[in-house]
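Colleague: The hints should help you fit chains B, F, R, P and E onto chain D, whose structure is shown.
Chains as they are written, first to last, in our numbering: chain D, 1 to 257; chain B, 258 to 514; chain F, 515 to 771; chain R, 772 to 1024; chain P, 1025 to 1277; chain E, 1278 to 1530.
Simulated from the structure, these hints should not be mistaken for laboratory data.
Misleading hints may appear alongside valid ones.
[Said to hold, decoys possible] Calculated cross-link-like contacts (lysine-lysine; reagent style BS3-like; alpha-carbon spacing at most 30 Å):
{"#": "1", "chain 1": "P", "residue 1": "Lys1061", "chain 2": "P", "residue 2": "Lys1127"}
{"#": "2", "chain 1": "P", "residue 1": "Lys1218", "chain 2": "D", "residue 2": "Lys10"}
{"#": "3", "chain 1": "P", "residue 1": "Lys1127", "chain 2": "D", "residue 2": "Lys238"}
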Amino acid sequence: MSDVVSHIMKDQIFKLAARGMREDGRAFDRMRPMSIETGIVGPAEGSARVRLGDTDVFVGVKVELGTPFQDRPTDGVLMTGAELRPIAHADFETGPPQPPAVEISRVIDRGIRESQMIDLSKLCITPKEKVYMVFVDIEPLDYFGNIFDAGAAGAVAALRTAKVPAKRHGFGEDFPMPVRAFPASVTFAKIGKHVMVDPTLREELVSDARLTIVTDEKGDVRAMQKGLSGSFSYAEIKECLLLATKLGRDVRALKTG
Amino acid sequence: MSDVVSHIMKDQIFKLAARGMREDGRAFDRMRPMSIETGIVGPAEGSARVRLGDTDVFVGVKVELGTPFQDRPTDGVLMTGAELRPIAHADFETGPPQPPAVEISRVIDRGIRESQMIDLSKLCITPKEKVYMVFVDIEPLDYFGNIFDAGAAGAVAALRTAKVPAKRHGFGEDFPMPVRAFPASVTFAKIGKHVMVDPTLREELVSDARLTIVTDEKGDVRAMQKGLSGSFSYAEIKECLLLATKLGRDVRALKTG
Amino acid sequence: MSDVVSHIMKDQIFKLAARGMREDGRAFDRMRPMSIETGIVGPAEGSARVRLGDTDVFVGVKVELGTPFQDRPTDGVLMTGAELRPIAHADFETGPPQPPAVEISRVIDRGIRESQMIDLSKLCITPKEKVYMVFVDIEPLDYFGNIFDAGAAGAVAALRTAKVPAKRHGFGEDFPMPVRAFPASVTFAKIGKHVMVDPTLREELVSDARLTIVTDEKGDVRAMQKGLSGSFSYAEIKECLLLATKLGRDVRALKTG
Amino acid sequence: MGGGSTDIKLIDEKGIRLDGRRVDQLRPIKIEAGVLKNADGSAYVEWGKNKVLAAVYGPREAHPRHIQDPTRAVVDVIYNMCSFSVEERVRPGPGRRSVEISKVIADAFRNVIFTEQFPRAKIDVYIEILQANAGTRCAGVVAASVALADAGVPMMDLVPACAAGKANNQLILDLGKEEDNVGQADLPTAIVPKTGEIVLLQMDGHLTQDEFDRALQMSMNACMQIYELQKDALRRRYATSANDAPDTEEVRQ
Amino acid sequence: MGGGSTDIKLIDEKGIRLDGRRVDQLRPIKIEAGVLKNADGSAYVEWGKNKVLAAVYGPREAHPRHIQDPTRAVVDVIYNMCSFSVEERVRPGPGRRSVEISKVIADAFRNVIFTEQFPRAKIDVYIEILQANAGTRCAGVVAASVALADAGVPMMDLVPACAAGKANNQLILDLGKEEDNVGQADLPTAIVPKTGEIVLLQMDGHLTQDEFDRALQMSMNACMQIYELQKDALRRRYATSANDAPDTEEVRQ
Amino acid sequence: MGGGSTDIKLIDEKGIRLDGRRVDQLRPIKIEAGVLKNADGSAYVEWGKNKVLAAVYGPREAHPRHIQDPTRAVVDVIYNMCSFSVEERVRPGPGRRSVEISKVIADAFRNVIFTEQFPRAKIDVYIEILQANAGTRCAGVVAASVALADAGVPMMDLVPACAAGKANNQLILDLGKEEDNVGQADLPTAIVPKTGEIVLLQMDGHLTQDEFDRALQMSMNACMQIYELQKDALRRRYATSANDAPDTEEVRQ
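Only chain D is shown next, with the shape it has when bound in the complex (with noise of 0.2 Å):
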């Protein structure tokens, strides 16, 4: 992101925090609204676009034959990548993924991972040899901020209305992408000494740390990502993990068209 962050806008939303107040007018513990439509891309086996705020995101799944991973022979493999391409931001620039959308795919990756979102065990074709190899590409194609959860609900969407295209590669009839958890990010910015969920693209570019924290449908934790350079005492996690549980809920709870 752009290393000149006016200080005039820096300012301006320090001010406005110190007085519990943001930019858009939302409180602190309030998203962006949030809208998720799946079923987008033809070709695609799953997919799903978001938008929350302004912020836009596409994510398609597609499901290949591969080789499962040694230590892994009869599990299927789960590849999430996110790229940060120049159409969603002028700061960004095209070339392999940098170090924020390395990040950005990892977080993600790890909360449909540990959640154990997709049964891999499923996707095993022939063990050692032959198995489903699920690619989930996230899209930012409006950037507005909080890439981590618009990016999150789509692949968790696109996931979960996804086919396996058994027929396609010749192994009998498509089946539902065997998924069994439901996870839901949340995360959190902070600015000065405030912490506020779903930051924008102007929050973020002023926000001393962030805290990404997905959780399942029983409120347990399954991921959790500290970023940026500044620090969260103990109380404030804790407070941030409750809140995530309880937006968790709302994302989970969303219609998608």
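Modeller: Chains B, F, R, P and E in isolation, oriented as in the chain D frame:
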């Protein structure tokens, strides 16, 4: 190519063109002398050296084993590559092929592929599993313009004289490359309002638009590519097509040494 | 290495050399003290740490499965890699190996390969299909000159104490690496008209030419590499060869801890 | 082209194609301008089953400096297929096909944009293929062109594009995926309507000279239809956002 | 995490783990400062079967120029696993895992270092994993922190790090490799002891909210133990090389 | 080397090799200078079945600037094997072997060229192996050297190169492909005839010290023969293009 083209040179070429003339005395509709030698590189399955005026290009064909494309399980594979290596001109650089080299590769490839010059079905060993892969590599050694036609002529000549090294790969006796068409590529440059065939390097440097036309023995069109930022009118393209057919016959009639 | 070598340093080293002396008090024909520890990295099939003066290098051997080269269908594969990573010196940079690191890899590889140290025929599992691949990776941690000899000594020590992990790969019991020779590498620097063995970093920085000689137990020559822009006379090379044989014996006689 | 297998019947006796179109009929096309907020201009095109997004950033200062042209703006196009846009997953990163398409599209626009008004600047055009079904490069040109206008980049004209081709030995307009797979020729074309000049032209397959001539006319005529759709999309865009309409006199004919 | 297979018994009835540790016990840790000569600062950490080396170069002028920050030093971390550090050979070059770890470690240090004292400078931290056995990122943070102090880089405090986790349905401290392979959760944490603030926190696996709470306290407490080992390593270093001790008042509490 | 299999008989009782040569005989060598028009200097060498082209560009301004040396010209060599130059196709792009050969050849020329006459300049030498049959690096040195002279680059001397080696337990000069494949040693050498100094020397295989000594003398002697061929090629070149002969006093002995 050099961004800084001397204005004097540009002026000169434009003024000549306005009088229907070219720097090397050719008429607009005349190609430079072309000569083709084949069989010049022992280890190659086929090879050719083409001189088109001062342009000097080597082409080699190698045939290796590989797996077919999923959607063409019973066809061999054809791969055409051109590099603009720094030996050939002071403006070329080392490194992976840049867009101009990629365009050359793809346009030459298209001419060979779309004329169905090679019967790829004869290059299958085991359907879905093992086929011959034909690599055509184009290496300009001295670049004086119009690598499109010199490279294409070399690729065609090398393929026409190539053998499939079945024995080396352990699949019976060698046999001739299964060739069934004889495409010819003819390229035009538009300089101001004037269209001329087979541009020299200096003409390329000042030209606005480029048009490559590949025709077959019957005079039918097999591939076409407009290049550079300028444009052609409908009438110009029709004229070029007629001339490309005529000159294509001349290229095909060349004796290869 | 740094392009800007202080003239004072250069002067100093040259003046000393003119009097037959070196900065650290050694004679021209003396190596720095070398110590070798082996078996220091658990997960490696073989490992060694070599200290040569202040130069400090780790070498690890890993053995994986792979396919043999087409022209050596019944031989295992040996791959030697050296990287000059930035931890070891302020002038090294991250990224793919540059020419100096490639040269080091290849010269060390050559010494091992050409002395036929490893009996690669004993590393074949199924001819044409499956063989053991031996990866020797050289990681300098503190670079104070002459990584050629420190790396070679480490590679040799790591290989001599390595096992082939047949069991892990499911092919019976582990067995010792089939070692049948004991090569030793000795490197010389030429500074002005003076040739001295085992250059320090500062000596390397001002030296004109480098000569690496690998000999075997019988004192026969197995590999040689002249490096840098300077030259050697026939007489100098003969002298170096005699000394390399003698010092090679000393290197082989070192007790490894 | 697929090599012209004629086993698969793509056109019936009445000249009706598998998807119900006449031989000279376009697939349904929907164009929307100004669909993204970060980009200086943008457009979304649905063309049959193709879904294409274009975004324009610039004119902005070109950097690093050594790419600046002191006499005009540099125009760069990146055409990218999303990994999930086709049946077999596309590996991320630019392959040779994408590099070529990016180049011919950039070439098509470079002389249409009044680049000399922006020395030392750069104009970036990003084309994302979200769903591909034959004809993405033409859809990309159409979208890019509307996105450029939406960004207020001064141009001689909008650039419409369309392909004609051949299948079952008949000339047809705007090949769909099945037609492309087993078809005999494809001729993507982009023109500058004001002058009738051709700025993008590629062809592969097999056409007699006469067929080529008719196919080219067919695609050029279709371009004029698409031109109307482009202008309409911009009109709708300006109507809905009159207050921030960019200064693009050149494109409002 | 391995998915929480409970077939493998990692903890016996008395709460003793396979390697003899109690559930809240650290593996043996050995820290040595100043182990390399070229680097401005360095440290070697043996932590159970992990062997980790960290080196610091800088503060030095940042180049190329365009990466300079006129207000502070740039901090860069490269975490690298040696190809032979684990059972299955690691391919040289940064994979996605290494890129992420490098980033979170750099993030952890950036606000702890007084970077504003060195405008336009760069501080490079290299972490080499010579032998890996679960917990390398925490060992890397611990080593890097001592190496920074050894280099005389002024910091608010040293940064200790440790993971807590869960296996066989019990919370345990500092997971070893077998525990990590079949364990149920892992929570690496790094703190600034002076303030108690958390600067690195990652978690994967499955923890109830209550378990998370206790695990986090467990790892934070362990950090305080490790902090003492870090200080001790520096004390030993200064004792043996009193004459060239760097000016690092901030780290000597 | 191939490991010294002695099953294959490469030399008969009379000391005659498979291709009819004596043990100390070179393959036929043909050198032509000035074969390319764009390059500032060029040479083509046929050496047995090797076909090698070398081109020189420069001295020209080195760019980007940061590679300039204010005291001398930078010399860069790129050795490239055409994909079709050997039986098994070579993948385009520099492999480790090519990188090493490029480096040792550049090293061989750097002190022979009077680089200090061209501060801030760059001299690029491109060596293309069109057909390879053992001995390409020596053929490359020989061609590069003539190309440099053809470009008028001032040098202390021309640099001839040749390999000696061992097969069937006999020392032989200038190994051909079969000899290289099953041979026992290879010793490529390049010298500066004026001084007798050795500027390129590599060896692999197995030689006793005495054999090494004789092999080195053998290759150095052969270098002197090749030197005559190089000078002759330049003489022919100047004869045919006397009017544009470059100012290369140094190479005309």
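Colleague: With reference to the structure, classify each hint as holding or not holding.
Modeller: Right, here's what the structure says about each hint:
no.	hint	verdict
1	P:Lys1061 - P:Lys1127	holds, 26 Å
2	P:Lys1218 - D:Lys10	holds, 28 Å
3	P:Lys1127 - D:Lys238	holds, 24 Å
Comparing the model with each earlier hint shows no violations; every hint is respected.
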